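Protein sequence lines, in the order shown, are assigned to chains A and B. Sequential numbering from 1 applies to the first sequence in the numbering used here. Sequential numbering from 1 applies to the second sequence in the numbering used here.
Please keep in mind that the hints were generated in silico from the structure rather than gathered at the bench. Note that the structure is predicted; figures quoted are calculated from it, not measured. Quick reminder that beta carbons are idealized off the backbone N, C-alpha and C, glycines included. Don't take every hint at face value.
What the hints assert, rightly or not - Partial selection, computed: residues in chain A whose CB lies under 8 Å from chain B:
{"id": "1", "residue": "A54"}
{"id": "2", "residue": "V58"}
{"id": "3", "residue": "E79"}
{"id": "4", "residue": "I141"}
{"id": "5", "residue": "W163"}
{"id": "6", "residue": "G164"}
Claimed, not checked - The calculated lysine-lysine pairs, modelled on DSSO-like cross-linking and capped at a C-alpha distance of 30 Å, are:
{"id": "7", "chain 1": "B", "residue 1": "K10", "chain 2": "B", "residue 2": "K30"}
{"id": "8", "chain 1": "B", "residue 1": "K10", "chain 2": "A", "residue 2": "K113"}
{"id": "9", "chain 1": "B", "residue 1": "K30", "chain 2": "B", "residue 2": "K61"}
{"id": "10", "chain 1": "B", "residue 1": "K30", "chain 2": "A", "residue 2": "K178"}
{"id": "11", "chain 1": "A", "residue 1": "K178", "chain 2": "A", "residue 2": "K99"}
{"id": "12", "chain 1": "A", "residue 1": "K178", "chain 2": "B", "residue 2": "K2"}
{"id": "13", "chain 1": "B", "residue 1": "K2", "chain 2": "A", "residue 2": "K113"}
{"id": "14", "chain 1": "A", "residue 1": "K178", "chain 2": "B", "residue 2": "K61"}
{"id": "15", "chain 1": "B", "residue 1": "K10", "chain 2": "B", "residue 2": "K61"}
{"id": "16", "chain 1": "B", "residue 1": "K30", "chain 2": "B", "residue 2": "K2"}
{"id": "17", "chain 1": "B", "residue 1": "K2", "chain 2": "A", "residue 2": "K99"}
{"id": "18", "chain 1": "B", "residue 1": "K2", "chain 2": "B", "residue 2": "K61"}
Single-letter residue listing:
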Amino acid sequence: MTPSSSFPPPAAGSSAAGNFAAGSSAADSPAESLIADGPLDLAGLLAGAHHPAAGAVVLFSGEVRDHNGGREVSFLEYECYRPLAIKMIGEILAAAKEKWRLNIAVARHRVGKVTIGDSAVVVITASAHRSEAYAANRYIIDRIKHEAPIWKCEHYADGTHEWGNNCHCHTVTGDPAKHVYEAG
Amino acid sequence: MKIHVYAGLKDYFTPEFELAGVVNNTDELKTRLLAINGQAEMILSACRFAVEEGFIDNDFKLHEHDTVVIIPPASGG
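Can you build the whole structure from these sequences, using the hints too?
This is the structure in structure tokens:
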């Protein structure tokens, strides 16, 4: 048996990263850029995410807040299993592009220390109409949060830290590979 | 067999280590890991396993020279 990820194959003709369709006005993005070691340039990513056929562009930025569960958070630290995270995010983007016929689907996730107010993850979707762009954006971020091998450690103001807020879907589904999503 | 662990699993195991001897599948691997640290039982039950950047299940035949990555539940975003 050959090991494999649990996602549908990318749509025919999609790139390995699944970021940009042929004819997209956005610059190409190598798969390695799906994971970022430094700050995310939201304005730059948005500036590159316009398409002549897209009437709607949605940008989601997941940002670090200063509290969680009643505790004061100082910063977060993310780590990932990079090869598989890149592969899975690329497949998630490709699946979203096919399902909603997106003109553009972009995602980028930070690793390392991320301070309060900084963006830890960004997802940009562009499509002809807003309903598809919103739905696809939610689908992409939900799957990244639940499935991509990326983890965060919360560092608290009292000096303690905890790997937390993990996906708990396995307690419902009984299978670490099966998830329950808020979005339809 | 080389073992790599991430995130909360590092509270129970060193990030990278080697297991000697025959380990045929993920169930046997879990047994070996719990022999090292039995307190990891709960988190291991929620983990997935990967070889060569692909997820595997218990039907996958492990080999001595495999590098197995143990993947706890994600918490990206």
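Practice task
Go through the numbered hints given earlier and state which of them the structure violates, listing their numbers in rising order.
Solution key: 1, 2, 17
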